[in-house]
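Chains as they are written, first to last, in the working numbering: chain P, 4 to 350; chain F, 4 to 350; chain H, 4 to 350; chain Y, 4 to 350.
Any given hint could turn out to be false.
One copy or any two copies: either way a pair holds, since identical chains are not told apart in the list.
What the hints assert, rightly or not - Here are the simulated lysine-lysine pairs, PhoX-like style, with alpha carbons at most 20 Å apart:
(1) Lys344 with Lys264
(2) Lys43 with Lys168
(3) Lys144 with Lys115
(4) Lys257 with Lys232
(5) Lys344 with Lys28
(6) Lys232 with Lys302
(7) Lys272 with Lys168
(8) Lys109 with Lys232
(9) Lys257 with Lys272
(10) Lys255 with Lys232
(11) Lys111 with Lys96
(12) Lys140 with Lys47
(13) Lys109 with Lys229
(14) Lys91 with Lys272
(15) Lys111 with Lys302
(16) Lys47 with Lys115
(17) Lys33 with Lys140
(18) Lys256 with Lys91
(19) Lys257 with Lys96
To be clear, the hints were calculated from the coordinates, so they are not data collected in a lab.
Each chain, written out:
4 protein chains.
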Amino acid sequence: MINAGIIGSTGYAGQELVRLLLEHKDVEIKWVTSNTYLNKTYNKAYGSYFRIFDQECISDNDFENLIDEIDVLFTATPHGLSAALINKEILQKVKVIDLSADFRLKDKDTYKVWYGLEHASPELLEEAVYGLSEINKVDIKKAQLIANPGCYPTCSTLSLFPLLKEDIIDETSIIIDAKSGVSGAGRANNVSSLYCEVNESTKAYGVAAHRHTPEIEEQMSYIANKDIKISFTPHLIPINRGMLTTSYATLKKKKTYNEIKELYEQYYKEEYFVRVLDEGVYPETRWVEGSNFIDINFKIDERTNRIIVISAIDNLVKGAAGQAVQNMNLMFGLPENTGLKQIPLFP
Amino acid sequence: MINAGIIGSTGYAGQELVRLLLEHKDVEIKWVTSNTYLNKTYNKAYGSYFRIFDQECISDNDFENLIDEIDVLFTATPHGLSAALINKEILQKVKVIDLSADFRLKDKDTYKVWYGLEHASPELLEEAVYGLSEINKVDIKKAQLIANPGCYPTCSTLSLFPLLKEDIIDETSIIIDAKSGVSGAGRANNVSSLYCEVNESTKAYGVAAHRHTPEIEEQMSYIANKDIKISFTPHLIPINRGMLTTSYATLKKKKTYNEIKELYEQYYKEEYFVRVLDEGVYPETRWVEGSNFIDINFKIDERTNRIIVISAIDNLVKGAAGQAVQNMNLMFGLPENTGLKQIPLFP
Amino acid sequence: MINAGIIGSTGYAGQELVRLLLEHKDVEIKWVTSNTYLNKTYNKAYGSYFRIFDQECISDNDFENLIDEIDVLFTATPHGLSAALINKEILQKVKVIDLSADFRLKDKDTYKVWYGLEHASPELLEEAVYGLSEINKVDIKKAQLIANPGCYPTCSTLSLFPLLKEDIIDETSIIIDAKSGVSGAGRANNVSSLYCEVNESTKAYGVAAHRHTPEIEEQMSYIANKDIKISFTPHLIPINRGMLTTSYATLKKKKTYNEIKELYEQYYKEEYFVRVLDEGVYPETRWVEGSNFIDINFKIDERTNRIIVISAIDNLVKGAAGQAVQNMNLMFGLPENTGLKQIPLFP
Amino acid sequence: MINAGIIGSTGYAGQELVRLLLEHKDVEIKWVTSNTYLNKTYNKAYGSYFRIFDQECISDNDFENLIDEIDVLFTATPHGLSAALINKEILQKVKVIDLSADFRLKDKDTYKVWYGLEHASPELLEEAVYGLSEINKVDIKKAQLIANPGCYPTCSTLSLFPLLKEDIIDETSIIIDAKSGVSGAGRANNVSSLYCEVNESTKAYGVAAHRHTPEIEEQMSYIANKDIKISFTPHLIPINRGMLTTSYATLKKKKTYNEIKELYEQYYKEEYFVRVLDEGVYPETRWVEGSNFIDINFKIDERTNRIIVISAIDNLVKGAAGQAVQNMNLMFGLPENTGLKQIPLFP
């Protein structure tokens with residue numbers, strides 16, 4: 004049995020982690036922290052857990068005393084906080100999976116530019132393994148500290164991975180137009196996330212300025228082994244969960260659908276969670292809701308010599324808590340999909 | 004291993020059954036029928052099942068030939084069809100759980116009045132056990148044919164059960180005002196179920212004329228052991244899943260919240276799926292979504308001497324496929340919640 | 004030209020008032036106050052007004068200095084505030100239409116019980132006219148201070164008015180089950196109004212304790228000329244705008260649909276905004292969205308001898324700003340529907 | 004008074020036309036046709052019109068007999084039908100504004116390729132004026148037959164117009180990623196438009212194959228005076244109304260935000276319906292809902308040397324019926340915004 008602790012358990016990603024870990028046969032949640040629901044039973048934060056998970060939330064400040072009870076620590080905290088909380092001593096005692104952005108960028112200066120914060124533990128950046136499970140599997144298995152990827156980087160990077168690796172697309176031509184459900188904004192109470200403000204509308208946000216941009220670029224650059232700059236525009240759409248990325252790139256030379264399809268299948272044939280769909284069938288977020296799948300397909304637009312790649316995930320699962328559990332499975336030598344075989348919930 | 008067949012597998016209730024049975028460790032789905040997706044793989048009906056469940060749908064007409072392959076038959080068919088399909092021979096070979104209304108009313112004349120159909124197998128009405136699991140558990144365990152309850156009857160009857168049984172409320176005073184998500188209308192393509200027609204609106208329908216009325220009355224009459232007539236008004240609200248009933252009744256004599264709460268706890272203390280909430284906390288459909296729970300609470304309005312009872316279910320789970328699986332568990336001697344411990348999905 | 008000022012212009016009701024007054028040919032908005040958007044142009048609060056209404060919001064504190072510029076003052080403020088702001092001097096200079104609850108209840112003690120506040124200007128309670136336009140038309144025309152009705156009281160009282168007035172229903176039997184869109188909760192940023200918390204769910208709230216209860220009872224008591232106590236349960240449903248009330252009452256003696264229909268037509272035949280629908284057609288909120296109409300219809304349930312009355316309004320229009328403008332029209336001698344003929348927006 | 008007839012009045016675009024024409028002080032609707040609601044009063048199709056517009060719908064087949072009653076004919080018909088209905092004789096008697104795609108493409112072969120139909124009246128293609136009001140104003144004023152633009156072409160072409168006209172962007176680099184509400188799919192009853200199928204999901208459709216592609220390309224080619232090929236991907240999002248396009252293009256040379264902003268203001272300074280927003284404020288569909296506005300803004304992404312242009316319309320207004328009325332105003336010498344000053348409805 005893997006004993007787990009969760010810091011920041013009452014945000015949306017933290018809650019999803021609680022759900023998945025409770026449904027995981029090899030895990031026991033020893034404690035959860037929450038400042039908002041401090042000393043309250045968990046079902047006060049989420050009524051769904053009434054009689055299912057009734058632990059009292061403890062304070063972030065208490066977690067170090069309880070570190071010996073656990074084997075793995077999940078941090079589902081605002082940016083800046085986990086970098087301040089995690090240190091070498093903790094990493095000697097437990098494996099850490101950080102769902103925040105703090106350990107995703109290798110360069111602390113880049114971090115400062117995009118997050119506006121001085122990094123609190125730059126000495127750990129080197130050690131942290133970027134937890135894009137399908138791509139960094141070998142390193143994840145040996146890691147003590149995982150930087151769990153952002154939702155946008157997960158969805159877009161996995162969808163372009165074979166193309167980048169095989170050098171099929173012009174790396175200066177990449178445009179990623181993404182659409183996200185509202186849970187990505189978290190449970191913070193600001194006017195712009197109110198029901199009436201989001202419902203019946205859509206908008207772009209963080210235009211050419213979203214913090215996931217350098218994360219996507221860093222990962223794509225590793226894959227392609229060259230410096231990549233992308234255009235990335237996220238949009239907010241009125242759904243609770245779900246993320247769709249539509250990526251555009253110019254093909255370096257003519258390719259048929261089948262040639263490229265074969266590549267995708269070759270790269271992903273062992274990957275339980277990556278579903279490359281049948282020709283002509285494009286991902287829809289409803290078909291992955293509540294699950295850890297990423298659905299991918301593409302079309303070659305011969306009129307413009309571009310490839311259009313579409314991918315869908317549940318932003319809270321594959322885009323956050325699900326991938327965190329997937330990484331935990333890898334780190335503890337479990338089959339990668341343990342506890343993650345939930346069938347998407349529809350409708 | 005229980006081998007199962009499903010007739011009418013590609014409606015919303017049928018699909019939910021597929022989901023739950025696939026997640027049930029003791030069940031194997033041997034075959035599914037669908038006229039709409041005949042000879043097509045199941046994921047053509049629901050993309051979520053791509054690489055999860057890729058059986059081809061067979062015809063309703065073929066099912067009798069395949070009856071020997073299965074131990075239990077689920078019929079998730081339009082009203083009238085299962086009464087025509089099921090007969091004594093089939094019941095000798097397999098247990099049948101009918102999710103339609105065909106075997107819910109004991110009197111074929113009442114059936115005709117409300118459904119406008121001559122009942123095709125009235126000789127089976129006596130044998131059929133009404134599958135409200137918490138109430139008819141003993142009979143369900145011995146049953147060969149289950150009439151799986153409607154969503155409204157499930158939600159309202161369980162919420163009033165202790166009050167009716169204990170003769171606490173004036174049985175002429177019962178009013179049930181219900182709110183249902185859109186999946187209750189099924190996957191049929193009619194204009195009134197189009198997104199733009201349902202979204203951003205609410206309405207009552209079947210006012211004083213809904214077919215679940217006699218079903219509710221029959222069950223409540225059994226419980227109270229007297230003839231009960233209710234007022235029942237269903238409303239359509241723009242959510243996929245979820246049902247809330249708000250029931251009003253006059254108290255026969257003064258009772259405190261705690262006195263009645265104790266009764267509920269006494270009746271339901273062994274029931275895994277019935278959650279009587281803490282005082283002041285009222286059911287919300289989001290807290291049961293995707294699960295087989297029914298959440299219940301009530302308030303005594305001293306100003307009017309009425310009790311107001313509120314209950315919430317997922318209409319596709321406890322209101323249909325989940326309760327069907329619960330009944331299957333009972334019929335096959337399994338723990339009642341086997342395969343039904345999914346945590347509600349939120350948000 | 005009527006010159007208008009609005010205190011609290013950037014809440015949802017305030018904004019709707021701005022929309023309706025800008026579309027009103029006889030009104031000019033001289034100034035608007037907003038503490039949240041103080042000194043900002045109105046389109047910073049609502050982007051829809053860009054280049055349409057670009058006044059700067061002024062402070063609540065400045066309004067008295069500007070009282071000479073206006074003929075009518077609308078207060079769309081939180082409860083308690085308008086009672087503190089309005090006084091005899093102001094009422095000598097301008098007509099006041101208060102959209103808050105401060106002047107709706109005639110008894111300051113009842114106010115204190117339900118609102119938890121000492122009333123700041125009880126001396127004005129007698130003078131205030133309850134602005135249910137269709138019922139109190141004569142008094143409204145002469146009024147200097149209007150207590151603009153709450154959304155629930157408007158929707159339910161108008162729907163039962165002929166029945167109460169004609170003494171057709173048992174006044175102890177009235178149950179009002181109401182459903183409201185989320186804009187009724189206002190633009191305050193609390194977690195329970197976040198998109199993900201409201202979307203895909205429904206719940207009752209304020210069970211047997213909602214503040215509109217005494218307001219409804221007071222108005223119904225006036226109409227019926229006897230003391231009336233009701234059961235009232237509001238529900239939140241995931242739509243921006245719209246309110247539906249389903250009311251139940253026992254008939255004192257048998258009546259046919261047509262007999263009662265005739266009464267409704269008699270009472271409302273001169274009323275532009277009251278639409279009594281054709282038999283068998285029930286109100287839906289989508290058919291009144293964005294308009295000042297109230298749609299009403301009913302069914303007699305002979306099995307239980309009850310009448311079920313259903314009515315629908317747009318809570319921000321007939322339930323707030325629209326009725327305020329309707330009252331203004333009456334007070335200034337304009338045709339009642341001036342500036343209020345907007346056709347409902349669908350889909 | 005302009006007398007108007009509408010063929011196909013009970014689709015979503017037809018209904019919006021009814022709404023706008025009823026709110027237009029210079030127009031009288033003489034008759035409307037509908038095959039679905041033949042001989043029924045209009046409120047049977049849309050309950051919102053009860054007591055507002057109660058004409059009976061006549062048959063498409065009768066319209067020629069009634070052509071003398073009208074000055075302008077609107078055709079809101081499926082593709083193929085208006086080309087079959089309109090002819091020279093009709094055009095001699097009345098002005099025609101066709102909301103279908105039949106007269107938008109100048110080349111009948113291109114029409115056949117994308118619409119799969121032989122064009123029924125190719126001799127009219129030359130005469131038809133493409134009704135993008137802001138761009139073709141001079142010709143529209145003199146036109147007898149207007150091809151009212153598609154929603155996607157309207158939204159994207161207006162947003163790029165100054166850039167194309169001024170030759171600022173590389174015309175081979177244009178990518179348009181569009182998001183549309185569900186009303187764009189019309190009121191036809193197919194499973195994919197059901198509430199439960201669309202709600203809580205998003206998807207791309209018509210990937211590199213949507214019929215608006217050649218229409219956009221044709222108009223952009225006229226503007227730029229060179230042959231333009233674009234990548235265009237529409238997405239379906241769960242809102243009733245609203246369309247957002249996010250367009251990407253490479254700048255031919257470095258430009259500042261202000262330089263380009265000045266261009267937009269120069270091109271659109273006389274245009275009532277085009278709102279170029281303040282720097283840093285991006286279009287959201289909620290701010291134009293129910294109105295004829297198009298909101299536009301852009302960002303220059305210096306890292307990639309691209310310009311990202313975002314625009315929002317209400318697909319049923321500026322994207323269909325509103326622009327049709329705008330064109331009618333131009334054709335009849337009325338101020339362009341007559342009857343089109345509705346303030347966006349929010350929330």
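Status of the hints after comparison with the structure:
no.: 1; hint: Lys344 with Lys264; in the structure: neither (25 Å within a copy, 38 Å between copies)
no.: 2; hint: Lys43 with Lys168; in the structure: neither (49 Å within a copy, 35 Å between copies)
no.: 3; hint: Lys144 with Lys115; in the structure: neither (29 Å within a copy, 57 Å between copies)
no.: 4; hint: Lys257 with Lys232; in the structure: between (23 Å within a copy, 17 Å between copies)
no.: 5; hint: Lys344 with Lys28; in the structure: both (12 Å within a copy, 12 Å between copies)
no.: 6; hint: Lys232 with Lys302; in the structure: between (22 Å within a copy, 16 Å between copies)
no.: 7; hint: Lys272 with Lys168; in the structure: within (16 Å within a copy, 48 Å between copies)
no.: 8; hint: Lys109 with Lys232; in the structure: within (16 Å within a copy, 40 Å between copies)
no.: 9; hint: Lys257 with Lys272; in the structure: neither (24 Å within a copy, 44 Å between copies)
no.: 10; hint: Lys255 with Lys232; in the structure: both (17 Å within a copy, 18 Å between copies)
no.: 11; hint: Lys111 with Lys96; in the structure: neither (25 Å within a copy, 64 Å between copies)
no.: 12; hint: Lys140 with Lys47; in the structure: neither (37 Å within a copy, 32 Å between copies)
no.: 13; hint: Lys109 with Lys229; in the structure: within (16 Å within a copy, 46 Å between copies)
no.: 14; hint: Lys91 with Lys272; in the structure: neither (37 Å within a copy, 48 Å between copies)
no.: 15; hint: Lys111 with Lys302; in the structure: neither (38 Å within a copy, 27 Å between copies)
no.: 16; hint: Lys47 with Lys115; in the structure: neither (36 Å within a copy, 30 Å between copies)
no.: 17; hint: Lys33 with Lys140; in the structure: neither (27 Å within a copy, 36 Å between copies)
no.: 18; hint: Lys256 with Lys91; in the structure: neither (48 Å within a copy, 50 Å between copies)
no.: 19; hint: Lys257 with Lys96; in the structure: neither (52 Å within a copy, 53 Å between copies)
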